[in-house]
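> Sequence:
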Amino acid sequence: MPVYEPWAGGPDVLAEAAEVGRRAAAWIRSLPGPPVPCPVSAWLAGALPGAVETAMGSLDPADCDRMGPDGRLIEGTGGVDAGTMSTLSVVPCVLSEAVWLTPDQQVRLLAVACVVSGIVRLLADDPGTEILHSLVTRMCTTLDHCGATLGHRDR
1 MPVYEPWAGG
11 PDVLAEAAEV
21 GRRAAAWIRS
31 LPGPPVPCPV
41 SAWLAGALPG
51 AVETAMGSLD
61 PADCDRMGPD
71 GRLIEGTGGV
81 DAGTMSTLSV
91 VPCVLSEAVW
101 LTPDQQVRLL
111 AVACVVSGIV
121 RLLADDPGTE
131 ILHSLVTRMC
141 TTLDHCGATL
151 GHRDR
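FYI, the UniProt record's numbering numbers position 65 of the sequence shown as 65, with every residue one higher than the one before it.
No lab work stands behind these hints, which were simulated from the structure alone.
This one's a predicted model, so the numbers in the text were calculated from it and none came from an experiment.
Ideal Cβ placement from N, Cα and C applies to all residues, glycine included.
Hints are supplied without guarantee of correctness; some may be wrong.
Listed next, with one range per pair, are the computed distances between beta-carbon atoms [to be verified]:
1) Val90 with Gly128: 40 to 50 Å
2) Glu19 with Asp104: 16 to 26 Å
3) Ser30 with Asp70: 46 to 56 Å
4) Arg29 with Val107: 13 to 23 Å
5) Asp70 with Trp100: 20 to 30 Å
6) Ala45 with Pro69: 17 to 27 Å
7) His145 with Pro39: 39 to 49 Å
8) Cys38 with Met67: 16 to 26 Å
9) Glu5 with Trp100: 41 to 51 Å
Let the sequences and hints guide you as you build the complete structure.
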């Protein structure tokens, strides 16, 4: 397994990803709350946008899968801690309790969690693919779309 090597434009891609993550988190925080506050609403207003922002701001392609000195595979994390990834992974389960959100809002939240998790895995598993195909940039465009239109549609 080759050692990670930085690529031209990498810092700009990561800076843009962090900015896109901040916008996505702001969008999540702007979603309406339920008529009566509940644990899920607090989670949606706090933990989830925090996880999105943290993940996108922590991306590190150097933290990729690699061979350790003993020849064993070291699984990369893309720079994102397990707790943040865990928060993103429970979105499908939690959304069933967010009955005050429209189906469109719920689908867009699922998309945000999926795209953020996908970017992390891409950089952890195969940062070279990003170099060759600009996948992080394209995935960030999708992430921006999720948040940009969410607040403007009721259904």
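> For this structure, which hints from the list above don't hold up?
1, 5, 6, 7 and 8
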